[in-house]
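A.B. asks: All chains should be modelled from the sequences, with the hints used to inform the complete structure.
Take 1 as the starting number for the sequence shown in my numbering and just add one per residue.
Derived by calculation from the structure, the hints in this document are not laboratory data. Every value quoted in this text rests on a predicted model; they were computed, and no experiment measured them. Glycine included, each C-beta is placed from N, C-alpha and C at the ideal position. There's no promise every hint is true.
Across the chosen pairs, the derived CB separations fall in these ranges [said to hold, decoys possible]: (1) I243 - K88: 37 to 45 angstroms; (2) V257 - E146: 48 to 56 angstroms; (3) G213 - E174: 27 to 35 angstroms.
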Amino acid sequence: MRKLNIGIVGLGLMGGSLAKALKKYAIAKKVLGYINNEKNKKDVLELNLVDEIVDLETLKKESDVIILAIPVDGIIKMFPSLLDIDKKTTIIDMGSTKEYIVKNIPESIRENFIPAHPMTGTEKSGPKAAIDGLYEGNTVVLCNLEKNENTHVNKALRIFQGIGMRIVVMNADEHDIHACFMSHLPHAISFSLANTVMSHEDPRSIIALAAGGFKDMSRVAKSSPRMWTDIFKQNRKNLLKSIDLFEGHMKKVRKMVEEENYEELEKWMAKANSLHEIL
Numbered sequence: 001m002r003k004l005n006i007g008i009v010g011l012g013l014m015g016g017s018l019a020k021a022l023k024k025y026a027i028a029k030k031v032l033g034y035i036n037n038e039k040n041k042k043d044v045l046e047l048n049l050v051d052e053i054v055d056l057e058t059l060k061k062e063s064d065v066i067i068l069a070i071p072v073d074g075i076i077k078m079f080p081s082l083l084d085i086d087k088k089t090t091i092i093d094m095g096s097t098k099e100y101i102v103k104n105i106p107e108s109i110r111e112n113f114i115p116a117h118p119m120t121g122t123e124k125s126g127p128k129a130a131i132d133g134l135y136e137g138n139t140v141v142l143c144n145l146e147k148n149e150n151t152h153v154n155k156a157l158r159i160f161q162g163i164g165m166r167i168v169v170m171n172a173d174e175h176d177i178h179a180c181f182m183s184h185l186p187h188a189i190s191f192s193l194a195n196t197v198m199s200h201e202d203p204r205s206i207i208a209l210a211a212g213g214f215k216d217m218s219r220v221a222k223s224s225p226r227m228w229t230d231i232f233k234q235n236r237k238n239l240l241k242s243i244d245l246f247e248g249h250m251k252k253v254r255k256m257v258e259e260e261n262y263e264e265l266e267k268w269m270a271k272a273n274s275l276h277e278i279l
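C.D. replies: As structure tokens, then:
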């Protein structure tokens, strides 16, 4: 199979790390990048993440595959700019929500468009956050492939399998439910924990006493507020349901502590321990 010219829109953590992986596994003939932030453009060039930074029209014309590695609202805003792509060009989005994106893909490019979500990441952002090994051994979810022409599906499989990812296929609405509990709710909890502590503790106490448990739970609160606002907005329905369920458990633990029902509390925590046996 001939190597592909792959264009990446957005070269932060996800796009930059993908560019590194494509080069490492020699999947791409050429990696092109499009970025509209001048500071980030300078960083991308210094880090040598892509072979060339080009304008969007050049990227569309020269790419066999276009990867959208930008915030989920940005993906929606890109649609009008992609209406004139060649029928042979594959588009892959890497957004953390899928249902809203799938419902809004223009019909004229639906066969070309592979909705994907690599289940990986860190709390960091920007080109300097790009790392080796972000994708290897992790899962990528591909959604609603029944609408895609086979050549586009095959190119997506070739890329994600080529960088060492496991493939899972599911419907977009199913994905958004699962992603909410595995990722979106934990981020909401982490942001809430950070704000709870910030509103109660003085900075000196935080520095002196914050230990491993707190740092682990609050780590993702360093994530991009802009990106996560978009995710919460697009997956609003599922996030609200998951918050209701979480609040139910918080009320339950509060009641057990208030009533000094420590035997029941211990059983409740033991049940939670079983999650890590599954993981």
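A.B. asks: Decide, hint by hint, whether the structure agrees.
C.D. replies: The hints, checked one at a time:
Our hint of 37 to 45 angstroms for I243 and K88 holds, since their Cβ atoms are close to 44 angstroms apart. In this structure the supplied range 48 to 56 angstroms holds for V257 paired with E146, their Cβ-Cβ distance being about 49 angstroms. In this structure the hint that G213 and E174 lie 27 to 35 angstroms apart at CB holds, the actual value being about 32 angstroms.
In this structure, none of the earlier numbered hints is contradicted; all agree with it.
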